[in-house]
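From first to last, the protein sequence lines stand for chains A and B. At position 163 of the first sequence the residue is numbered 163 (the numbering used here), and the sequence of numbers has no breaks. At position 188 of the second sequence the residue is numbered 188 (the numbering used here), and the sequence of numbers has no breaks.
In short, the hints are calculated from the structure, not lab data.
One-sided and incomplete, this derived list gives chain B residues near chain A with beta-carbon spacing under 8 Å:
| # | residue |
| --- | --- |
| 1 | Asp151 |
| 2 | Ser153 |
| 3 | Glu156 |
| 4 | Ala157 |
| 5 | Asp160 |
| 6 | Asn164 |
| 7 | Pro175 |
| 8 | Leu176 |
So these bits of chain B aren't anywhere near chain A, every CB distance computed over 10 Å:
| # | residue |
| --- | --- |
| 9 | Ile13 |
| 10 | Leu21 |
| 11 | Glu65 |
Where is the CB? At the ideal position from N, CA and C, for every residue including glycine.
The lines below spell out each chain.
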Amino acid sequence: MADKIIDLVHISKSFSGKKVLDDINLYVNKGEFITLLGPSGCGKTTLLRIIAGFCKPDDGCVIMDGSDISDLPPHKRPLNTVFQRYALFPHLDVYENIAFGLKLAKVPADEIEKKVKKVLKMVSMTDYEDRDVNSLSGGQQQRVAIARALVNEPKVLLLDEPLAALDLKMRKDMQIELKEMHKKLGITFIYVTHDQEEALTLSDTICVLNGGKIQQIGTPTDIYNEPCNSFVADFIGESNIVNGTMVEDRKVSFIGHEFECVDEGFGCDVPVDVVIRPEDIYIMNRTDAAQFTGVVKSCTFKGVHYEIFIDTDNGFEMMIQDYNAFEVGSTVGLIIKPQDIQVMKKERLANVFSGTITSETTVEMLGGEFEIPATTLENGTEVEVEVPFGAIDLQDHSDDGNVGGEVSFLLYKGDHYHLTVVADNDENVYVDTNDVWDKGDLVGIKIDPKDIVIRKKDE
Amino acid sequence: MNKRSSWTIPYLIFLILFVVLPLILVMVYAFQDAQGSFTLSNVTKFFSDADAMSTFALSIEVALENTLICLLLGYPAAWILANKKLNKSSVTIILFILPMWINALMRTLATAELFNMLGVQLGKGTLLYGMVYDYLPFMIYPIYNILMKMDKSYAEAAEDLGANPVQVFAKVTLPLSMPGVWSGVLMVFMPTVSTFAISEFLTNNKIKLFGTIIQENINSSMWNYGAALAFIMLIIIGITTLFSSDDDKQVEGGTV
Chain A
1 MADKIIDLVH ISKSFSGKKV LDDINLYVNK GEFITLLGPS GCGKTTLLRI IAGFCKPDDG
61 CVIMDGSDIS DLPPHKRPLN TVFQRYALFP HLDVYENIAF GLKLAKVPAD EIEKKVKKVL
121 KMVSMTDYED RDVNSLSGGQ QQRVAIARAL VNEPKVLLLD EPLAALDLKM RKDMQIELKE
181 MHKKLGITFI YVTHDQEEAL TLSDTICVLN GGKIQQIGTP TDIYNEPCNS FVADFIGESN
241 IVNGTMVEDR KVSFIGHEFE CVDEGFGCDV PVDVVIRPED IYIMNRTDAA QFTGVVKSCT
301 FKGVHYEIFI DTDNGFEMMI QDYNAFEVGS TVGLIIKPQD IQVMKKERLA NVFSGTITSE
361 TTVEMLGGEF EIPATTLENG TEVEVEVPFG AIDLQDHSDD GNVGGEVSFL LYKGDHYHLT
421 VVADNDENVY VDTNDVWDKG DLVGIKIDPK DIVIRKKDE
Chain B
1 MNKRSSWTIP YLIFLILFVV LPLILVMVYA FQDAQGSFTL SNVTKFFSDA DAMSTFALSI
61 EVALENTLIC LLLGYPAAWI LANKKLNKSS VTIILFILPM WINALMRTLA TAELFNMLGV
121 QLGKGTLLYG MVYDYLPFMI YPIYNILMKM DKSYAEAAED LGANPVQVFA KVTLPLSMPG
181 VWSGVLMVFM PTVSTFAISE FLTNNKIKLF GTIIQENINS SMWNYGAALA FIMLIIIGIT
241 TLFSSDDDKQ VEGGTV
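Start from the sequences and build out the full structure, keeping to the hints where you can.
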């Protein structure tokens, strides 16, 4: 139906050896409102800068309207940017700021005036022409920045966290206005944000990024209701994510109970991740008709709803949102409906590292040496090393482990944490643990030799 | 609060003794004759003294020329130094500032010797050379500083709005760096108006500057006339600072 206006093909980018974007493929349709969403450092701003032309990809190309614009400098690209901190020229007044692009394009003065007046009206800033930009409030500066970009009638408008500096109320108002502007103008918007709520509110399409890779592309409802992996489920909205097993089609087992679900095609007895949104768990004081029971641990009023934490009968912690309050310590009955259970294939079942045998009882991997069960493989053999998530022992000090690492992502799975630890050699190590760690903690990585399985490569 | 404000007393005494009092003395001397009675003759003498007036005009001219040359050489230098793509090491910055660590008088003497050795005729050319050599770092440094601190996103925004690199410089970088240019101009212009050592050494006193005649008058014990000249110079410099600090405020208010 719609034409592609921008097509990113195999975009990769590294900064001083660290991969920021890893083979990104993404196209944007004409008139679409697309949001690049992800935590800080996921590469979303770099991707936007590549589209704008401020940053050159190491690999891949940017296609706009069918032609490759990868080598075009920013001033020749038919798109405009609203910068994170607005970047309004402090030596020019509001009018001159907005007219900047038109003057460069040698638009006749009377036409410039007409256009500036029109765009000022659109952002509700009429009569502010002569104001010094520094005398404006954050929200007003934001409006001028948007006007300055829109007045050039770009084919694509790039917005780099434009509302991040505004307070909550103002942000909500601007969100609505942006959405209306987009509808009215029909310009393609590419929006960068780390705020998932903002992304859900504004976008036609959301592209979730993490670690330089696209995690999921879809409409806001798709992304919210059917996250494709645990990162997306955890990042978008609140969620309970637990390990489960797909018993057979339409039957999944988790938290020690079997549930009916609507998913098919996973096979029998396959380990899966299960996501349940906190508003999708039905909670009641009666326990006779419940699928499972739990004890209320805490109940906090959040304005519209109560946030309730319960310990289930099998010792899993779950978060529930409900309009009613429940007494702490009381036993409650819980029901989850089949269509509210989101089943996801597990991305991995164990760590697999590549390594090299260095002696009968040691292997080199992750940039360090680890003990292994005695092997008959020769020194120098390239091997695959499989280590279960639970077999990795994290130490408080990076010196105490065979190699050091940094905790980069935490996922609570009801009864344990699933951590992503980036080892010193930049490889990811996935760890299941009951200990509490924080993002950014420096840890030592130790592995019990008896849990290590060695396989020769190419077998 | 009171206890703290008492800490300023030593500085206050210092300022009174070495700044305020000398200034008052200069003023008192400027409006006295040799006998110590009030007169305006010292000031009127200057304005009717064709020699002094032309020296004054020459001083201003030389100072303007020096400032202009420093600006033309210093701005590109500062721009290159501040540009991370062109200048990747901090050593080059130190090399530019290094001459400031050596006494200006010594450098000037050395320059004069160099010209003598090379057989270069001392005159206005050598005078300007010495002045530029001495004062160039004072122009580079403030401009470099402001360019370094300037938010990159201004230039990017201009580029984004369709400005080519030359337009980015002319319409954004240059206007936003004006506070640095002004302080550079002041730091070069003010001391060159009153300098006398450079002209003495690098022209063998062939060219006299305003500073030279003040020095000569005071050396020959004509305290009152010398003081009047110094007073006039102070006022001139005062006026230029007023101009530029006004401008500073305007532009600086914009760069926060």
